[in-house]
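> If you read the protein sequences in the order shown, they are chains Y and V.
Just so we're aligned, residue 1 is where the first sequence starts under our numbering, counting upward by one.
Just so we're aligned, residue 1 is where the second sequence starts under our numbering, counting upward by one.
Treat the hints as calculated values from the structure; they're not laboratory data.
Some clues are possibly wrong.
One copy or two, it doesn't matter: identical chains are merged, so the pair holds either way.
What the hints assert, rightly or not - With a straight-line Cα cutoff of 30 Å, these simulated DSBU-like cross-link-like pairs (lysine-lysine) come out:
#1 Lys144 x Lys15
#2 Lys168 x Lys33
#3 Lys144 x Lys57
There are 2 protein chains.
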Amino acid sequence: MVRRSGRRPGNQDTKQSILESARTVFAEAGFDKASVRAIAAAAGVDPALVHHYFGTKEKLFLASMNSPINPAELIPEAMAGPREQAGERLVALVLRIWDSPAGVAAVALMRSAMSNEWTARLMREFVVTQVLRRAIAELDIDEKEAPIRAALVATQIGGLAMIRYLLKVEPVASAPPERLVAAIGPTVQRYLTGDLPGVFDA
Amino acid sequence: MVRRSGRRPGNQDTKQSILESARTVFAEAGFDKASVRAIAAAAGVDPALVHHYFGTKEKLFLASMNSPINPAELIPEAMAGPREQAGERLVALVLRIWDSPAGVAAVALMRSAMSNEWTARLMREFVVTQVLRRAIAELDIDEKEAPIRAALVATQIGGLAMIRYLLKVEPVASAPPERLVAAIGPTVQRYLTGDLPGVFDA
Numbered sequence: 001m002v003r004r005s006g007r008r009p010g011n012q013d014t015k016q017s018i019l020e021s022a023r024t025v026f027a028e029a030g031f032d033k034a035s036v037r038a039i040a041a042a043a044g045v046d047p048a049l050v051h052h053y054f055g056t057k058e059k060l061f062l063a064s065m066n067s068p069i070n071p072a073e074l075i076p077e078a079m080a081g082p083r084e085q086a087g088e089r090l091v092a093l094v095l096r097i098w099d100s101p102a103g104v105a106a107v108a109l110m111r112s113a114m115s116n117e118w119t120a121r122l123m124r125e126f127v128v129t130q131v132l133r134r135a136i137a138e139l140d141i142d143e144k145e146a147p148i149r150a151a152l153v154a155t156q157i158g159g160l161a162m163i164r165y166l167l168k169v170e171p172v173a174s175a176p177p178e179r180l181v182a183a184i185g186p187t188v189q190r191y192l193t194g195d196l197p198g199v200f201d202a
Numbered sequence: 001m002v003r004r005s006g007r008r009p010g011n012q013d014t015k016q017s018i019l020e021s022a023r024t025v026f027a028e029a030g031f032d033k034a035s036v037r038a039i040a041a042a043a044g045v046d047p048a049l050v051h052h053y054f055g056t057k058e059k060l061f062l063a064s065m066n067s068p069i070n071p072a073e074l075i076p077e078a079m080a081g082p083r084e085q086a087g088e089r090l091v092a093l094v095l096r097i098w099d100s101p102a103g104v105a106a107v108a109l110m111r112s113a114m115s116n117e118w119t120a121r122l123m124r125e126f127v128v129t130q131v132l133r134r135a136i137a138e139l140d141i142d143e144k145e146a147p148i149r150a151a152l153v154a155t156q157i158g159g160l161a162m163i164r165y166l167l168k169v170e171p172v173a174s175a176p177p178e179r180l181v182a183a184i185g186p187t188v189q190r191y192l193t194g195d196l197p198g199v200f201d202a
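Make a model of the complete structure from these sequences and hints.
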């Protein structure tokens with residue numbers, strides 16, 4: 001549904017329409033297979049207009065999800081530093097974002113993803129292609145192992161967010177970030193770079 | 001809202017009314033502080049009738065949540081065995097339940113808990129008092145450390161359920177259980193019984 005507002009109806013409606021088409025196409029095809037061309041077609045506009053309004057496909061994806069953060073900047077920053085503390089830095093980054101005003105949007109998105117299949121797909125694409133894939137790329141991890149390592153990281157980070165911010169289970173809900181980093185950082189580190197016997201193909 | 005059905009209206013209505021009062025009181029007061037007396041009063045019946053229909057407070061709680069499993073039986077079973085593999089056994093148990101027909105109800109409950117504050121409270125009470133507290137008790141863990149250890153286990157087990165069953169992120173979504181046990185069992189073990197420097201009060 002296109003929201004009609006009083007001011008500059010043409011531009012605003014076009015932008016809204018592109019964002020809605022983007023959500024549909026990204027959820028249906030996934031981030032990698034979605035094309036700006038297909039999104040433009042679904043919105044009934046020229047691809048050049050999509051680029052004009054939103055820049056790259058990646059930026060369009062972030063805009064379509066109302067993402068308050070840009071993983072392309074944050075993840076390389078967090079991953080820079082000693083490889084053996086990457087897990088701690090990733091947990092610290094997640095807590096910093098979710099504890100900030102941006103966390104409110106993140107909680108809302110997560111709630112919605114739990115009850116809505118389309119939001120779930122968008123969130124999965126966001127987490128996998130924008131967050132985890134970048135983290136893995138920075139760490140130079142074996143390509144065959146990367147998908148399972150990334151998904152394991154998602155189980156721990158997603159669960160931390162759920163227990164701390166959605167279900168608010170104490171004492172995790174009000175624990176100081178540094179204690180959670182000390183507890184959960186090593187888990188994420190092991191999933192990222194540790195030996196995982198019995199986990200990969202025989 | 002009490003559902004009116006044609007058959008044995010008195011009994012069915014009374015039972016429904018007790019279950020609804022139970023959900024309200026358990027969510028408001030928490031499992032420990034909720035009393036059968038208060039639930040009976042809210043339903044406008046005699047406490048003896050609540051015991052007659054549902055047995056103990058614990059059984060009433062399971063009934064009020066439509067729990068397809070009884071943690072009082074399952075957890076001690078899973079925890080029995082070598083202490084250093086308790087984490088693996090707990091992950092294996094969770095996967096066995098969620099992969100079974102009972103998992104459908106569990107997914108529905110989890111979805112609902114994400115979007116509904118009352119269901120979230122009931123689920124939190126269920127996970128903490130019925131599942132984690134029992135697991136911790138079986139392992140004879142320091143009382144002061146138990147709450148944070150239990151909540152850390154919840155972050156990993158809850159996240160596993162979310163990624164595998166709700167968001168369905170591959171390859172975790174379709175991984176054979178034994179690979180997930182190999183990957184995630186050691187995490188849960190560390191949270192249950194491992195050294196966790198920097199996590200507890202200084």
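> Against this structure, judge whether each hint is valid.
Hint by hint, here is what the structure shows:
For the identical chains of this complex, Lys144 and Lys15 are neighbours neither inside a copy (39 Å) nor across copies (55 Å), given an alpha-carbon limit of 30 Å. With identical chains, the CA atoms of Lys168 and Lys33 are at most 30 Å apart between copies only, with a shortest distance of 19 Å across copies and 36 Å within one. Within a single copy, Lys144 and Lys57 get their C-alpha atoms as close as 26 Å, which meets the 30 Å cut-off; across copies the closest is 50 Å, which misses it.
Against the hints set out earlier in the document, a violation occurs for number 1 only.
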